[in-house]
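So the mapping is simple: the numbering used here equals the position in the sequence shown, first residue as 1, plus 1380.
Derived by calculation from the structure, the hints in this document are not laboratory data. No residue lacks a Cβ here, since even glycine has one placed at the ideal position from N, Cα and C. Keep in mind that a hint or two might mislead.
Ranges of calculated distance between the beta carbons of each label pair, as one might list FRET restraints [said to hold, decoys possible]:
hint, residue 1, residue 2, range
1, 1456, 1550, 34 to 44 angstroms
2, 1460, 1431, 37 to 47 angstroms
3, 1478, 1445, 27 to 37 angstroms
4, 1482, 1411, 49 to 59 angstroms
5, 1535, 1411, 30 to 40 angstroms
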Amino acid sequence: RSGNITFENIQADINFALDIPQPVTESIFSDFLKDKGVSVETGRECIDVVENDESISGRFADADGKEHVISARYLVGCDGMNSAVRQLADIPFRGEDYEEEFLVADMELETDLETNFWQLVIHPEGPLILLPLGGDAWRVVTIHPDTEKRKVSQSDFNKMMEKRLLQGTHVRKLLSSATYSAQKRIA
């Protein structure tokens, strides 16, 4: 079975989903902060946090081990599920893992699918969600078909499309892919 996901009947100011590749999102945030005089530094690991009445200081290590101390009014932890900032602030992260591992990939597709809808294919081997990114680019999300095989090739994706009855849909170019575990958690 397949279907389209639409948000047009949702009574809200924003009744659509926006799916943007992570590098584009990071660039938007970075440019916005740069315009406000804030620099974004990546490639550093937070190894300690010290807070006093007037500021908070973070001690960071570069990839080569060189340490830096940065003091500010706020420390924002945008460092993912295993957040060192959250752990150093002793904020619990309660919840559990889903059993399945998931696969997300950005790719260029040759397809007859409508590009103004998310596409959802329900299949016994797991759902396949196709999210248009603009032009021929799509994001595909599914349950990982073979967790023993960490890397999934363009050929694997084409077999997956064919198996899920998406005739006329072919992966022209695999841009990126990643395997991830999902959790039901709250900090």
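Broken hints, numbered, in rising order? 2 and 4
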